[in-house]
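Undergrad: Sequence:
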Amino acid sequence: MFGFSLSKLLALVGILVAVWVIFRWIGRLTAAPRPEGAPRPRQRQAGGPRKTVAVEDLVACGTCGAYVPAVGARGCGRAGCPYPG
1 MFGFSLSKLL ALVGILVAVW VIFRWIGRLT AAPRPEGAPR PRQRQAGGPR
51 KTVAVEDLVA CGTCGAYVPA VGARGCGRAG CPYPG
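Numbering-wise (the working numbering), the sequence shown opens with residue 1 and increments by one.
Each hint should be verified, as a subset may be incorrect.
DEER-style ranges, computed between Cβ atoms [unchecked claim]: (1) 23 - 3: 29 to 37 Å; (2) 27 - 66: 40 to 48 Å; (3) 39 - 13: 32 to 40 Å; (4) 39 - 62: 55 to 63 Å; (5) 32 - 9: 37 to 45 Å; (6) 29 - 6: 29 to 37 Å; (7) 30 - 4: 32 to 40 Å; (8) 71 - 39: 40 to 48 Å; (9) 14 - 69: 49 to 57 Å.
Since the hints were derived computationally from the structure, they do not count as laboratory data. Every residue, glycine too, gets a C-beta built ideally from N, C-alpha and C.
Please put together the full structure from these sequences, using the hints given.
TA: Listed below in structure tokens is the structure:
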């Protein structure tokens, strides 16, 4: 019933290509027009500058098990919490 054949595979590839072309065409229609002679926007290269993101080390609270920052953590309010409230 669902056997593969060359005609079915070609039809599937044709449908996928048609959908891809339609989405590109719609994207061009909805894009903001560029002024005449304006350069195209450059895409960021893989080796280009990146934004840095601050990362904090987390430790598990011995009382409640919640992960809190290793430095400057606030207490959870439970009795026996090792972090200041």
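Undergrad: Hint says 32 to 40 Å; check whether the CB-CB distance for residue 39 and residue 13 agrees.
TA: Holds - the Cβ-Cβ distance for residue 39 and residue 13, about 35 Å, lies within 32 to 40 Å.
Undergrad: Is the distance from the Cβ of residue 71 to the Cβ of residue 39 consistent with 40 to 48 Å?
TA: holds (46 Å)
Undergrad: At the C-beta level, are residue 23 and residue 3 separated by a distance inside 29 to 37 Å?
TA: Cβ of residue 23 to Cβ of residue 3: about 30 Å, so the range 29 to 37 Å holds.
Undergrad: Does the Cβ-Cβ separation between residue 39 and residue 62 fall within 55 to 63 Å?
TA: holds (58 Å)
Undergrad: Residue 29 and residue 6, beta-carbon distance inside 29 to 37 Å?
TA: Once the Cβ atoms are compared, 35 Å apart, the range 29 to 37 Å for residue 6 and residue 29 holds.
Undergrad: Does the beta carbon distance between residue 30 and residue 4 stay inside 32 to 40 Å, or does it fall outside?
TA: Holds - the Cβ-Cβ distance for residue 30 and residue 4, about 37 Å, lies within 32 to 40 Å.
Undergrad: Starting from the range 40 to 48 Å, see whether the pair residue 27 and residue 66 falls in it by beta-carbon distance.
TA: The hint (40 to 48 Å, Cβ to Cβ) holds, given that residue 27 and residue 66 are roughly 44 Å apart.
Undergrad: Just to be sure I understand the hint, the distance between the Cβ atoms of residue 14 and residue 69 should be within 49 to 57 Å; is that true here?
TA: 55 Å Cβ-Cβ, so the 49 to 57 Å window holds.
Undergrad: Does the Cβ-Cβ separation between residue 32 and residue 9 fall within 37 to 45 Å?
TA: holds (39 Å)
Going through the hint list in order, the structure satisfies each hint without exception.
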